[in-house]
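Numbers 2 to 936, taken from the numbering used here, label the letters of the sequence shown in order.
Hints listed in this document are in silico derivations from the structure and should not be mistaken for laboratory results.
A couple of the hints might just be wrong.
[Said to hold, decoys possible] With a straight-line cut-off of 16 angstroms between C-alpha atoms, the simulated EDC-like cross-links for lysine to aspartate or glutamate are:
id, residue 1, residue 2
1, K84, E111
2, K225, E384
3, K247, D269
4, K471, E669
5, K692, E669
6, K517, E594
7, K712, D693
8, K189, D368
9, K712, E699
10, K471, D693
11, K713, E743
12, K775, E746
13, K183, E362
14, K421, E215
15, K712, E273
16, K203, E172
17, K760, D832
18, K544, E506
19, K726, D387
20, K629, E479
21, K3, E197
22, K218, D387
23, K413, E605
24, K487, D535
25, K892, E933
26, K224, D387
27, K340, E327
28, K774, E743
29, K471, E873
30, K247, E266
[As the list claims (entries may be wrong)] Just the calculated beta-carbon pair ranges, DEER-fashion:
id, residue 1, residue 2, range
31, Y258, K19, 26 to 32 angstroms
32, F95, E638, 50 to 56 angstroms
33, F95, N864, 53 to 59 angstroms
34, P734, E384, 55 to 61 angstroms
35, C48, N750, 51 to 57 angstroms
36, S722, I449, 24 to 30 angstroms
37, P485, V78, 48 to 54 angstroms
38, P338, N16, 53 to 59 angstroms
39, E638, T129, 39 to 45 angstroms
Ideal Cβ positions, reconstructed from N, Cα and C, are used throughout, including at glycine.
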Amino acid sequence: MKQRFVVVDLETTGNSPKKGDRIIQIAAVVIENEEIIDQYTTFVNPCAPIPSFIEELTGINDDMVKHAPLFEEVAPVLTRILKDSIFVAHNVLFDLNFLQSEFNRVGCPEFVGLNVDTVELAKVLLPTSDSYKLFELTEYLAIKHDRPHQADSDALVTAELLLQFINQTRELPLVTLEKLAKLSIGLKSNLNEIFEDILTEKRNHLENLSEHLEVFKGIALRKKNKKYSNYNYREKKEYPLHQHDKQKLLSNGIKHYEVRDGQHEMMDTVYEAFRLNKHAMIEAGTGIGKSIAYLLPSIYFSKTENQPILISTHTIQLQDQLLNTELKKLEKVLSFPFKAVVLKGKQHYINLFKFEQTLYEADQQYDTILTKMQLLVWLIHTETGDIDEVNLSSGGKIFWNRIRHDGWHLSKERDPWIAKDFYLYARREAENADIVITNHSMLLLDLIQKQQLFKEFNYVVLDEAHHFEKTSRGFLGEKLEYIPSKFFCSQLGSYEKQQLFYQLELMVQKQKISLKMPTFELDFIIAELETEIDELFTIIAEKLLKNEKKNKGHHKLQIRLSNKLMKEKTLQPILFAAERVISSINQIRNGLEERLSQLKKISEKLSEKDKALLEEVFSYEHELVSFKHSIQHLLLEQTNEFVYWLEGDMRAIPNSISIQAQPISVSEKLSKEFFAKRKSVILTSATLTVKDSFRFFENELGLHQFADLIKKQIPSPFPYSEMTKLLIPNDIPEIREVAVSEYVEAIANHLIAIAQATKGRMLVLFTSYDMLKKTYELMKESGLLDDFILIAQGITTGSRMRLTKNFQRFDKAVLFGTNSFWEGVDIPGEDLSCLSIVRLPFSPPDEPYTWAKNEAIQAEGKNPFSTYSLPEAVIRFKQGFGRLIRSSTDKGIVIVFDRRIETTSYGNAFIRSIPSVPIEHVSLKEMIETVEKWL
Numbered sequence: 002m003k004q005r006f007v008v009v010d011l012e013t014t015g016n017s018p019k020k021g022d023r024i025i026q027i028a029a030v031v032i033e034n035e036e037i038i039d040q041y042t043t044f045v046n047p048c049a050p051i052p053s054f055i056e057e058l059t060g061i062n063d064d065m066v067k068h069a070p071l072f073e074e075v076a077p078v079l080t081r082i083l084k085d086s087i088f089v090a091h092n093v094l095f096d097l098n099f100l101q102s103e104f105n106r107v108g109c110p111e112f113v114g115l116n117v118d119t120v121e122l123a124k125v126l127l128p129t130s131d132s133y134k135l136f137e138l139t140e141y142l143a144i145k146h147d148r149p150h151q152a153d154s155d156a157l158v159t160a161e162l163l164l165q166f167i168n169q170t171r172e173l174p175l176v177t178l179e180k181l182a183k184l185s186i187g188l189k190s191n192l193n194e195i196f197e198d199i200l201t202e203k204r205n206h207l208e209n210l211s212e213h214l215e216v217f218k219g220i221a222l223r224k225k226n227k228k229y230s231n232y233n234y235r236e237k238k239e240y241p242l243h244q245h246d247k248q249k250l251l252s253n254g255i256k257h258y259e260v261r262d263g264q265h266e267m268m269d270t271v272y273e274a275f276r277l278n279k280h281a282m283i284e285a286g287t288g289i290g291k292s293i294a295y296l297l298p299s300i301y302f303s304k305t306e307n308q309p310i311l312i313s314t315h316t317i318q319l320q321d322q323l324l325n326t327e328l329k330k331l332e333k334v335l336s337f338p339f340k341a342v343v344l345k346g347k348q349h350y351i352n353l354f355k356f357e358q359t360l361y362e363a364d365q366q367y368d369t370i371l372t373k374m375q376l377l378v379w380l381i382h383t384e385t386g387d388i389d390e391v392n393l394s395s396g397g398k399i400f401w402n403r404i405r406h407d408g409w410h411l412s413k414e415r416d417p418w419i420a421k422d423f424y425l426y427a428r429r430e431a432e433n434a435d436i437v438i439t440n441h442s443m444l445l446l447d448l449i450q451k452q453q454l455f456k457e458f459n460y461v462v463l464d465e466a467h468h469f470e471k472t473s474r475g476f477l478g479e480k481l482e483y484i485p486s487k488f489f490c491s492q493l494g495s496y497e498k499q500q501l502f503y504q505l506e507l508m509v510q511k512q513k514i515s516l517k518m519p520t521f522e523l524d525f526i527i528a529e530l531e532t533e534i535d536e537l538f539t540i541i542a543e544k545l546l547k548n549e550k551k552n553k554g555h556h557k558l559q560i561r562l563s564n565k566l567m568k569e570k571t572l573q574p575i576l577f578a579a580e581r582v583i584s585s586i587n588q589i590r591n592g593l594e595e596r597l598s599q600l601k602k603i604s605e606k607l608s609e610k611d612k613a614l615l616e617e618v619f620s621y622e623h624e625l626v627s628f629k630h631s632i633q634h635l636l637l638e639q640t641n642e643f644v645y646w647l648e649g650d651m652r653a654i655p656n657s658i659s660i661q662a663q664p665i666s667v668s669e670k671l672s673k674e675f676f677a678k679r680k681s682v683i684l685t686s687a688t689l690t691v692k693d694s695f696r697f698f699e700n701e702l703g704l705h706q707f708a709d710l711i712k713k714q715i716p717s718p719f720p721y722s723e724m725t726k727l728l729i730p731n732d733i734p735e736i737r738e739v740a741v742s743e744y745v746e747a748i749a750n751h752l753i754a755i756a757q758a759t760k761g762r763m764l765v766l767f768t769s770y771d772m773l774k775k776t777y778e779l780m781k782e783s784g785l786l787d788d789f790i791l792i793a794q795g796i797t798t799g800s801r802m803r804l805t806k807n808f809q810r811f812d813k814a815v816l817f818g819t820n821s822f823w824e825g826v827d828i829p830g831e832d833l834s835c836l837s838i839v840r841l842p843f844s845p846p847d848e849p850y851t852w853a854k855n856e857a858i859q860a861e862g863k864n865p866f867s868t869y870s871l872p873e874a875v876i877r878f879k880q881g882f883g884r885l886i887r888s889s890t891d892k893g894i895v896i897v898f899d900r901r902i903e904t905t906s907y908g909n910a911f912i913r914s915i916p917s918v919p920i921e922h923v924s925l926k927e928m929i930e931t932v933e934k935w936l
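Kindly produce the complete structure, drawing on both the sequences and the hints.
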């Protein structure tokens with residue numbers, strides 16, 4: 002490529018030059034003929050103090066810039082460097098706009114020319130990357146990055162990134178590049194310049210398409226290769242019964258294998274449960290190596306008995322870990338081959354026919370254009386067609402809903418893409434696999450659908466089994482949200498909006514089909530439905546806001562729709578609005594079904610474009626039926642087996658509003674329809690017992706009905722008493738005896754002192770967002786932690802994973818988390834040295850589900866607290882406690898501020914449910930001394 006690129010990176014005091022933020026360092030790397038030929042770097046004096054957060058982030062302090070040139074002196078040099086060049090940056094809009102503002106401020110001409118954003122380019126060329134942040138991309142692509150967040154280092158690696166991306170673009174098949182070039186005109190930066198240039202080059206040479214690829218109907222795809230030949234590998238294999246056999250087997254294939262008696266014990270328990278056709282609950286402490294402990298006997302049993310084993314996890318991350326790490330280890334260990342695949346529901350797979358047709362549409366919507374480009378690149382790499390591989394934007398997910406697989410409404414055999422179909426391929430692969438991996442959500446969705454994907458599996462392992470009851474409630478329940486409901490209705494759209502309905506009517510007119518319900522009538526009802534949805538949620542918003550005063554200032558608003566409330570006059574407007582919505586849906590269905598039935602009769606005459614549209618309308622009509630059933634169940638046809646409620650966030654009404662329902666108990670349904678229909682189900686987790694008893698989960702999951710249930714507790718091999726201490730402050734007020742503000746102030750004061758003693762490296766767990774926010778604000782406003790990075794869920798932007806990664810990057814950091822941080826957060830090693838638990842994690846008794854659950858337990862003549870509230874809190878406490886020690890070399894302190902753990906009769910249940918550790922009751926002064934000595 003002959004263009005001259007200048008890659009720029011800025012370090013600044015903040016994000017807004019209009020508010021007085023200034024550049025403190027600037028770097029520009031020059032590329033000509035695809036080679037780095039020059040680099041210019043300088044500090045810049047901002048004439049203002051550098052904020053402590055920026056100093057921590059960049060390593061640049063006031064001393065380093067005090068003798069540096071002013072921007073006025075630097076600007077002419079930059080102007081010369083940028084002349085006749087393409088401006089490149091990682092997140093180009095920030096760097097370019099900031100620079101333009103500074104040019105303006107000092108009276109220098111703005112940059113005029115094209116720009117390229119390496120973030121945008123990364124999204125296109127690396128559609129499966131978890132993150133597009135510069136540091137993560139350089140790690141992913143093995144580019145050396147010495148000093149992240151310093152302009153010279155960042156600009157240099159961005160230049161290297163650009164050159165690598167240019168080479169990757171050259172490697173793309175011609176048909177893919179042609180489509181990318183055409184689509185790229187709609188992007189925010191001028192990537193079309195790169196694509197067009199390379200396209201011109203490639204057209205001048207004969208293309209040798211990679212042997213792994215094929216082109217079908219103008220789209221390049223990776224060929225689907227069968228992993229194994231037809232040779233039957235399911236010959237008898239002897240399971241290693243003796244401990245020394247297991248040890249020999251595993252140490253041969255796994256580097257630095259540590260012998261763990263608990264792991265061997267779990268292997269035998271799993272194998273025995275399968276062999277005897279019994280269900281088993283296994284609590285495996287941290288460090289057991291439970292994945293290998295159930296995978297190894299599962300493979301042997303599958304081979305011996307010619308029975309596939311289904312492994313279900315709660316998270317996609319664990320699925321990936323099993324397939325790409327744990328099973329890869331066992332491939333090296335075992336002397337015989339086995340086959341493992343991931344299988345999901347069809348909505349996870351791309352419908353290639355629908356996708357192909359969308360490529361002929363002229364799109365203006367940015368997210369749709371970017372997603373099409375991502376999918377074109379992804380299709381030359383993916384072997385699965387599973388969208389979970391792709392890092393989609395929220396707008397991309399909306400486009401995905403149009404092209405995801407949902408079966409065939411027209412003749413399946415007439416789909417030109419049938420031979421390339423990913424979903425059918427996944428089904429075929431699963432039919433002769435030894436191990437099939439899925440997740441709880443998929444397994445439960447399958448349970449409530451007529452065509453069951455997993456009904457053939459008699460042997461199942463449920464990992465992360467403590468989630469299974471709650472996930473079951475979610476899937477057996479209903480949830481209707483305002484924004485998705487509004488978006489769903491708008492997809493059909495009135496005639497003038499030229500959405501799905503408009504396209505359908507054009508097809509009807511083209512085919513000269515006569516209709517009972519004319520276009521204008523159906524158009525009117527579609528417009529009415531959108532209005533009625535708005536009215537329904539507006540009335541719900543008014544109801545929630547009237548209830549706000551009872552909510553004691555909390556942002557989250559909930560109203561339980563009890564039998565008594567449903568009969569009150571105040572709720573009648575909501576029910577009338579729901580009935581109007583149902584009436585409109587019924588009329589729209591009649592209009593759509595009339596059109597679809599007539600078009601289906603002549604489907605053989607239709608063009609491929611029209612067939613794809615017809616499939617899309619069939620899918621929409623199917624979802625419309627589900628939408629109607631949800632409203633009926635949630636508001637008009639309630640039953641006593643469910644709890645119903647309205648929910649919203651005060652800060653985002655009506656956008657945050659939802660109507661929800663969950664079964665009060667899933668015990669009977671799971672017992673009869675899941676466990677009773679399978680020969681053996683293994684449930685495993687690190688948190689299945691309360692005071693050494695499995696009774697809580699037995700009852701919640703319906704396993705108490707199986708007399709021969711195997712129950713096994715396998716403790717962690719870690720010497721917890723040498724690795725951690727549990728501290729309980731004796732100078733904190735009892736939470737029930739003082740106002741929340743007084744309790745929060747005491748907590749904040751203690752946490753400030755502890756953070757200083759631990760030098761950060763602390764995770765603070767809360768049970769409510771409001772308490773988290775107040776504590777965070779007090780600590781921030783104190784001014785005593787100005788050189789610390791305080792990262793708070795719901796305040797600091799980013800996902801749980803993003804916040805955790807940021808916490809690990811900074812030396813002096815404190816991470817504040819609520820619900821989702823109590824589990825699933827792994828921060829091994831010295832990054833986390835102190836875990837603080839602010840309150841024992843009881844669910845609020847007025848939370849709708851807890852309220853209804855307690856009522857149901859009371860009606861059975863049992864004690865709701867000891868039967869449900871306490872065991873649920875203990876399980877959550879165990880999960881929180883487990884955040885600290887994640888490996889055999891970890892060490893740290895756990896602090897529990899809630900003195901109920903020692904002052905109440907039930908506090909001992911929490912202590913008895915965690916590993917045995919030294920417990921100290923201490924004042925703040927004694928606590929600081931203990932922390933400093935221990936760490």
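Outcome of the hint check:
1. K84 with E111: Roughly 11 angstroms between the alpha carbons, so the hint for K84 and E111 holds.
2. K225 with E384: holds (6 angstroms)
3. K247 with D269: Distance of about 10 angstroms is within 16 angstroms: holds.
4. K471 with E669: The hint holds at about 14 angstroms.
5. K692 with E669: violated (25 angstroms)
6. K517 with E594: Satisfied, since the Cα-Cα distance of roughly 11 angstroms is no more than 16 angstroms.
7. K712 with D693: Holds - the C-alpha atoms of D693 and K712 are around 11 angstroms apart, at most 16 angstroms.
8. K189 with D368: Holds, because 11 angstroms separates the two Cα atoms, which is no more than 16 angstroms.
9. K712 with E699: holds (10 angstroms)
10. K471 with D693: violated (21 angstroms)
11. K713 with E743: The given pair, whose Cα atoms are some 44 angstroms apart, is violated under the 16 angstroms limit.
12. K775 with E746: Holds, because 9 angstroms separates the two Cα atoms, which is no more than 16 angstroms.
13. K183 with E362: Holds, because 12 angstroms separates the two Cα atoms, which is no more than 16 angstroms.
14. K421 with E215: holds (11 angstroms)
15. K712 with E273: holds (12 angstroms)
16. K203 with E172: holds (10 angstroms)
17. K760 with D832: holds (11 angstroms)
18. K544 with E506: This hinted pair is violated, its Cα atoms lying about 39 angstroms apart.
19. K726 with D387: violated (45 angstroms)
20. K629 with E479: Judged against 16 angstroms, a Cα distance of about 12 angstroms means the pair holds.
21. K3 with E197: Measuring from Cα to Cα gives roughly 13 angstroms; hence the hint holds.
22. K218 with D387: violated (21 angstroms)
23. K413 with E605: The given pair, whose Cα atoms are some 12 angstroms apart, holds under the 16 angstroms limit.
24. K487 with D535: Given that 16 angstroms is the threshold and the Cα spacing comes to 8 angstroms, the pair holds.
25. K892 with E933: holds (13 angstroms)
26. K224 with D387: holds (15 angstroms)
27. K340 with E327: Holds, at about 13 angstroms.
28. K774 with E743: holds (15 angstroms)
29. K471 with E873: holds (11 angstroms)
30. K247 with E266: holds (11 angstroms)
31. Y258 with K19: 26 to 32 angstroms: Violated, at about 59 angstroms.
32. F95 with E638: 50 to 56 angstroms: holds (52 angstroms)
33. F95 with N864: 53 to 59 angstroms: holds (58 angstroms)
34. P734 with E384: 55 to 61 angstroms: holds (59 angstroms)
35. C48 with N750: 51 to 57 angstroms: Given about 37 angstroms between the Cβ atoms, the range is violated.
36. S722 with I449: 24 to 30 angstroms: At 46 angstroms between Cβs, range violated.
37. P485 with V78: 48 to 54 angstroms: holds (52 angstroms)
38. P338 with N16: 53 to 59 angstroms: The hint (53 to 59 angstroms, Cβ to Cβ) holds, given that P338 and N16 are roughly 54 angstroms apart.
39. E638 with T129: 39 to 45 angstroms: Hint holds: Cβ distance 43 angstroms, inside 39 to 45 angstroms.
Hints 5, 10, 11, 18, 19, 22, 31, 35 and 36, counting from the list given before, are not met by this structure.
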